[in-house]
Amino acid sequence: GAGVSQSPRYKVTKRGQDVALRCDPISGHVSLYWYRQALGQGPEFLTYFNYEAQQDKSGLPNDRFSAERPEGSISTLTIQRTQQEDSAVYLCASSSQTGGGGNTIYFGEGSWLTVV
Amino acid sequence: AQSVAQPEDQVNVAEGNPLTVKCTYSVSGNPYLFWYVQYPNRGLQFLLKYITGDNLVKGSYGFEAEFNKSQTSFHLKKPSALVSDSALYFCAVRDRRGGFQKLVFGTGTRLLVSP
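Chains as they are written, first to last, in my numbering: chain R, 1 to 116; chain V, 1 to 115.
Just so you know, the hints here were simulated from the structure itself, not pulled from any lab data. Please note: incorrect hints may appear among the correct ones.
So the derived label-pair ranges between C-beta atoms look like this [unchecked claim]:
id, chain 1, residue 1, chain 2, residue 2, range
1, R, ASP18, V, THR20, 40 to 50 Å
2, V, SER80, R, GLU44, 32 to 42 Å
3, V, TYR61, R, ALA53, 32 to 42 Å
4, R, GLU85, V, PRO7, 23 to 33 Å
Heads up, simulated DSBU-like pairs for lysine-lysine below, C-alpha to C-alpha not over 35 Å straight-line [claimed, not checked]:
id, chain 1, residue 1, chain 2, residue 2
5, R, LYS11, V, LYS49
6, V, LYS69, V, LYS22
7, V, LYS58, R, LYS57
8, V, LYS58, V, LYS77
9, V, LYS22, R, LYS57
Heads up, the beta-carbon is just placed ideally off N, CA and C, and yes, glycines get one too.
All chains should be built: construct the whole structure from the sequences, respecting the hints.
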């Protein structure tokens with residue numbers, strides 16, 4: 001597609017349920033990122049994929065959070081046993097190259113998660 | 001660690017007046033700096049970036065930013081504000097620790113342009 005596509009756009013879930021958030025990056029982009037944005041805050045890094053390899057997951061807050069990108073394209077961020085503090089906007093982003101060079105990172109519209 | 005600071009939570013400007021949204025940075029090495037805009041209930045949209053070269057960078061929607069190494073600043077500017085420019089603006093810096101590029105964002109500045 002023309003841009004980074006995320007689904008669902010809005011998700012309300014009950015505490016303790018699992019949720020899966022999907023990201024379809026810009027076609028041909030090898031780098032994929034997940035960020036989380038709390039209300040009134042800047043986005044914070046969660047994890048990074050280079051093709052299908054998860055090269056950094058240092059930003060995942062705990063082991064309830066996991067992500068995968070099995071074929072190097074679509075990625076899924078899964079949150080198990082959701083808690084109210086997980087409520088946030090989850091942003092997916094992609095860029096065309098790895099490493100440096102200042103490549104532009106393009107963001108999707110976000111998945112707005114509310115845990116009740 | 002690489003970081004950026006946006007000292008103003010909100011900037012108010014009248015339509016037609018020039019606007020400035022401030023950003024300062026703290027990096028080791030050469031800074032790669034970015035500006036993004038976020039409209040209500042939307043994701044982040046790329047505006048412009050500074051990698052190297054001219055200190056004045058031009059971007060989308062008539063925005064520009066001035067890189068100032070001595071003041072470690074990268075302020076976003078526009079000569080004539082529009083009401084439609086009202087949004088949340090984020091400054092970001094590249095962090096290359098770990099061998100890949102990721103962005104570290106500021107806390108954001110809300111721009112309110114009044115008619």
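Whether the CB-CB distance between GLU85(R) and PRO7(V) falls inside 23 to 33 Å: Holds - the Cβ-Cβ distance for GLU85(R) and PRO7(V), about 28 Å, lies within 23 to 33 Å.
Distance restraint between LYS58(V) and LYS77(V), which requires alpha-carbon spacing of 35 Å or less: 10 Å, holds
Given hint LYS49(V) paired with LYS11(R) - CA-CA distance at most 35 Å: Holds, at about 33 Å.
35 Å limit on alpha-carbon distance, applied to hinted pair LYS69(V) and LYS22(V): 14 Å, holds
LYS22(V) paired with LYS57(R) [C-alpha distance capped at 35 Å]: This hinted pair holds, its Cα atoms lying about 31 Å apart.
Pairwise hint evaluation, LYS57(R) against LYS58(V), where the allowed Cα distance is 35 Å at most: 34 Å, holds
GLU44(R) and SER80(V) - C-beta distance against the hinted 32 to 42 Å: Distance hint for SER80(V), GLU44(R) holds at roughly 34 Å.
Range hint 40 to 50 Å (beta carbons of ASP18(R) and THR20(V)) holds or violated: 45 Å, holds
ALA53(R) and TYR61(V) - C-beta distance against the hinted 32 to 42 Å: Hint holds: Cβ distance 36 Å, inside 32 to 42 Å.
The structure fails none of the hints (numbered hints given earlier).
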